[in-house]
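**Student:** Kindly generate the complete structure, drawing on both the sequences and the hints.
The residues making up each chain are set out below.
Protein chains: 2
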Amino acid sequence: MPHSTPAAISAELAAFMVDSEWTALPASVQNEARRATLNWLGCTLGGCRDDTTDRLCATLVDFAGPPRATLLGRGQSSDALSAALINAVSGNVLDFDDTHLATVVHPTAVVAPALLALAEQQRSSGTEFLHALALGIECACRIGNAAGAAHYEGGWHISATCGVFGAAAAAGRLLGLDATQMNHALGIAATSASGLRMMLGSMAKCYNIGHAARSGLQAALLAARGYTSSARGLEARRGFLHVLAADGADAGAVTRELGTQWEINALAYKPYPCGVVIHPVIDGCLDLRAEHATDATAVASIEIDVNPLAIKLCGNPAPRDGLEAKLSIAHSVAAALLDGAAGVVQYADARVRDPALIRLRDRVHLNADPVIGKEQARVRIISASGTTHELFVPHARGSRGRPLSEVELDTKFRGLAGGVLAPAQIDTTLGVCAALESCADVGELARAAAGLPQEFFTS
Amino acid sequence: MPHSTPAAISAELAAFMVDSEWTALPASVQNEARRATLNWLGCTLGGCRDDTTDRLCATLVDFAGPPRATLLGRGQSSDALSAALINAVSGNVLDFDDTHLATVVHPTAVVAPALLALAEQQRSSGTEFLHALALGIECACRIGNAAGAAHYEGGWHISATCGVFGAAAAAGRLLGLDATQMNHALGIAATSASGLRMMLGSMAKCYNIGHAARSGLQAALLAARGYTSSARGLEARRGFLHVLAADGADAGAVTRELGTQWEINALAYKPYPCGVVIHPVIDGCLDLRAEHATDATAVASIEIDVNPLAIKLCGNPAPRDGLEAKLSIAHSVAAALLDGAAGVVQYADARVRDPALIRLRDRVHLNADPVIGKEQARVRIISASGTTHELFVPHARGSRGRPLSEVELDTKFRGLAGGVLAPAQIDTTLGVCAALESCADVGELARAAAGLPQEFFTS
Numbered sequence: 001m002p003h004s005t006p007a008a009i010s011a012e013l014a015a016f017m018v019d020s021e022w023t024a025l026p027a028s029v030q031n032e033a034r035r036a037t038l039n040w041l042g043c044t045l046g047g048c049r050d051d052t053t054d055r056l057c058a059t060l061v062d063f064a065g066p067p068r069a070t071l072l073g074r075g076q077s078s079d080a081l082s083a084a085l086i087n088a089v090s091g092n093v094l095d096f097d098d099t100h101l102a103t104v105v106h107p108t109a110v111v112a113p114a115l116l117a118l119a120e121q122q123r124s125s126g127t128e129f130l131h132a133l134a135l136g137i138e139c140a141c142r143i144g145n146a147a148g149a150a151h152y153e154g155g156w157h158i159s160a161t162c163g164v165f166g167a168a169a170a171a172g173r174l175l176g177l178d179a180t181q182m183n184h185a186l187g188i189a190a191t192s193a194s195g196l197r198m199m200l201g202s203m204a205k206c207y208n209i210g211h212a213a214r215s216g217l218q219a220a221l222l223a224a225r226g227y228t229s230s231a232r233g234l235e236a237r238r239g240f241l242h243v244l245a246a247d248g249a250d251a252g253a254v255t256r257e258l259g260t261q262w263e264i265n266a267l268a269y270k271p272y273p274c275g276v277v278i279h280p281v282i283d284g285c286l287d288l289r290a291e292h293a294t295d296a297t298a299v300a301s302i303e304i305d306v307n308p309l310a311i312k313l314c315g316n317p318a319p320r321d322g323l324e325a326k327l328s329i330a331h332s333v334a335a336a337l338l339d340g341a342a343g344v345v346q347y348a349d350a351r352v353r354d355p356a357l358i359r360l361r362d363r364v365h366l367n368a369d370p371v372i373g374k375e376q377a378r379v380r381i382i383s384a385s386g387t388t389h390e391l392f393v394p395h396a397r398g399s400r401g402r403p404l405s406e407v408e409l410d411t412k413f414r415g416l417a418g419g420v421l422a423p424a425q426i427d428t429t430l431g432v433c434a435a436l437e438s439c440a441d442v443g444e445l446a447r448a449a450a451g452l453p454q455e456f457f458t459s
Numbered sequence: 460m461p462h463s464t465p466a467a468i469s470a471e472l473a474a475f476m477v478d479s480e481w482t483a484l485p486a487s488v489q490n491e492a493r494r495a496t497l498n499w500l501g502c503t504l505g506g507c508r509d510d511t512t513d514r515l516c517a518t519l520v521d522f523a524g525p526p527r528a529t530l531l532g533r534g535q536s537s538d539a540l541s542a543a544l545i546n547a548v549s550g551n552v553l554d555f556d557d558t559h560l561a562t563v564v565h566p567t568a569v570v571a572p573a574l575l576a577l578a579e580q581q582r583s584s585g586t587e588f589l590h591a592l593a594l595g596i597e598c599a600c601r602i603g604n605a606a607g608a609a610h611y612e613g614g615w616h617i618s619a620t621c622g623v624f625g626a627a628a629a630a631g632r633l634l635g636l637d638a639t640q641m642n643h644a645l646g647i648a649a650t651s652a653s654g655l656r657m658m659l660g661s662m663a664k665c666y667n668i669g670h671a672a673r674s675g676l677q678a679a680l681l682a683a684r685g686y687t688s689s690a691r692g693l694e695a696r697r698g699f700l701h702v703l704a705a706d707g708a709d710a711g712a713v714t715r716e717l718g719t720q721w722e723i724n725a726l727a728y729k730p731y732p733c734g735v736v737i738h739p740v741i742d743g744c745l746d747l748r749a750e751h752a753t754d755a756t757a758v759a760s761i762e763i764d765v766n767p768l769a770i771k772l773c774g775n776p777a778p779r780d781g782l783e784a785k786l787s788i789a790h791s792v793a794a795a796l797l798d799g800a801a802g803v804v805q806y807a808d809a810r811v812r813d814p815a816l817i818r819l820r821d822r823v824h825l826n827a828d829p830v831i832g833k834e835q836a837r838v839r840i841i842s843a844s845g846t847t848h849e850l851f852v853p854h855a856r857g858s859r860g861r862p863l864s865e866v867e868l869d870t871k872f873r874g875l876a877g878g879v880l881a882p883a884q885i886d887t888t889l890g891v892c893a894a895l896e897s898c899a900d901v902g903e904l905a906r907a908a909a910g911l912p913q914e915f916f917t918s
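Chains X and G supply the protein sequences, listed in that same order.
Using our numbering, the letters of the first sequence correspond one by one to residues 1 to 459.
Using our numbering, the letters of the second sequence correspond one by one to residues 460 to 918.
None of these hints come from the bench; they were simulated from the model.
Any given hint might turn out to be false.
As the list claims (entries may be wrong) - Listed below are the simulated SDA-like cross-link pairs for lysine to any residue, each with C-alpha atoms no more than 20 angstroms apart in a straight line:
id : chain 1 : residue 1 : chain 2 : residue 2
1  : X       : Lys-312   : X       : Arg-378
2  : X       : Lys-312   : X       : Gly-148
3  : X       : Lys-312   : G       : His-701
4  : G       : Lys-771   : X       : His-242
**Tutor:** And the structure:
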């Protein structure tokens, strides 16, 4: 039995965001908010010196306001709205951030940067931050559930279009909005929602994420100043769900079992910096290579059976650079078999253009099989001599069926932060994050992960 | 015969924006760019001290960068991105800005504020400004033509969704982008396009315009720094036109007769600060009232025949405040018959709540007639004694069939600027605008219209 009538979905969601109490959250939710923070922070440090982030910073430097929010890993600060945008791009550029698999929403990539920038400016506590983060992630994922496949298939970059609501809700919570203001914040988010999926493969992909983070934070700030919008931005006949998801939207999913069913518990953390639907394929390749000591140069053919969505998203047989390679099963297979790894270096431009890798890549064949789940894959490696090794991966590493452990998350963070923070800073950041619930000022986390100044930003 | 294949629309549009020469533009286009500037400037001064603008400024003051662009009528400056947003909201809040009737796009409201903020910062000449403005308006209106009714009927606020391209193109022109960069700017604009039509009637309506102005300017600035996007943001299978206008889009309309047919020549300037589809109705009411000395208190019934779109957009029979009244035929009819005017004061909250006006408003009956054009109306006033007066308006004042004269435009400007600028400043502003083509630094125009500082902005 649904808890809400379709007439009041925005209002009910807003009231939940305002009334929620930290102590009433399940321990699993509280814990996952901390894990999501750590994973996001690592991804942001890994991406903070990417060329994409550099160009964004160089663009904004002449327009940014008083420096009150840290640009993570860049050793400088900016105004919170600019910091939300920049840190969001840093956190998404490597395609290493978390995923809500049911919707393919990457919620933390949008919510966390908007929230941390605001939290640092207003010296919020660690618990306030974790609570608002959990609520914002919940908001983004639930709207993703409601918009559903019709929205994604329609061409929308769902992490951005649904993430903007999460950023608005999280920031609104931290600003102490009342239920009416929160509803207006959601309405302003609805009318700010943008981002085309076709931008995947160009710098504009992570701009979508950054633009959503900035727009969501701005929506909450506006609502706090009494700025108004429609009170039914989600469910109205011409609201977000109908206009951007047409008749495919299940509006009731936004508030169904709200407060009892938590979507944050469904987050998956990536072990590889590429499209999440490629992960089970990489698992299969790495495991077969390890088990059979596969000689990649003697491989005649590699047959990959995957869910049709994986081919739709990542079927590119000939990526031209690292950005495109992150969305290429063929490249990932070849790199995993040649290198025995699928890390940041395997998606560098130079690796993508290696002739030996390209030769192997051209031997990869993809088969769509709707019976295979999105976190599953079957890999068959056929050698020149005719030997065939086959492996079915039932749960990708990092998926809900095989979640990353605390140690694996720490290891991932250390790997990503290693090029940006000194060893002592890494330890400090991990320590602050582990004890975030007892941290009086979450700005400590941002400052621990600040890193050294980047010359490019001073342009 | 179309000039372009569907495969290269974004690229062809970008090349046109880059290659266009001022001296090759028809004199009518050059002149209309100046008229559009003057009309927009007046609307901006009229709206610059609205509560909506105040709340926006109060929100942004803590986040704004170095003051290099004037906040028109507010006596202060801000960074160009914030100024673009704020001035765009000022210029649209009164619903008094220009209209491209074929699409109901209000192009200058988005393009001009983005452009003027940038032009002031980089001290562009008046001709450079007018040229870029004409190109940006052309871009927005042509994309509106291509997206067409399917887009608008789908629930999109077309001025914002198409305006963002215009702002990007105009700013990109002023930044001297090459054709590839301009194409990327258009792509970033495509993935930034947002704005729901349902927000009309709340503060979020003009936020859509402001958000588009800021996003468009930011898209051009990013492209100038080498930020990339899809090169086929408009026409690709999952590009703007397909995702936001589905199969209703006529992609070829973007570039058809580009450079020979100019949409800027189709701009209409409003004589009344309300939805443009209400204008012929007001004309009819004012003319009948003047001709027959109508006693509004003795009116039994008013029958209005209009295009169905007018009722869809402005059929609200009982607006609760000034914002809603701007989109209400019934209110406009009652106010015009009672006051003999339809100016800013007729759309003030207090006027909307006047019991005598509400009594007359309730006697207004609307009939949809698809034979009647969007700039036409038939008004029948039936008195308590049974006398009927009827008038058919073939061309609304301000429409293409009955354009506002130079004198009417000056008068409109003086009326709007009167509450904000001193008389000498008004004369100076009109003088700079009239001679814009010979102005060495368009910042003169912004500074002439700066007005006195607003305390609220210092919050």
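**Student:** Please go over all the hints and tell whether each is borne out by the structure.
**Tutor:** Now for the hints, and whether the structure bears them out:
Straight-line distance between C-alpha atoms of Lys-312 of chain X and Arg-378 of chain X comes to about 17 angstroms, which keeps the hinted pair within the 20 angstroms bound. In summary, the hint linking Lys-312 of chain X to Gly-148 of chain X is supported, as the alpha carbons are separated by about 17 angstroms, within the 20 angstroms threshold. Pair hint Lys-312 of chain X plus His-701 of chain G holds up; C-alpha atoms about 18 angstroms apart against a cutoff of 20 angstroms. A hinted pair counts as satisfied when its Cα atoms are at most 20 angstroms apart, and Lys-771 of chain G with His-242 of chain X qualifies at roughly 18 angstroms.
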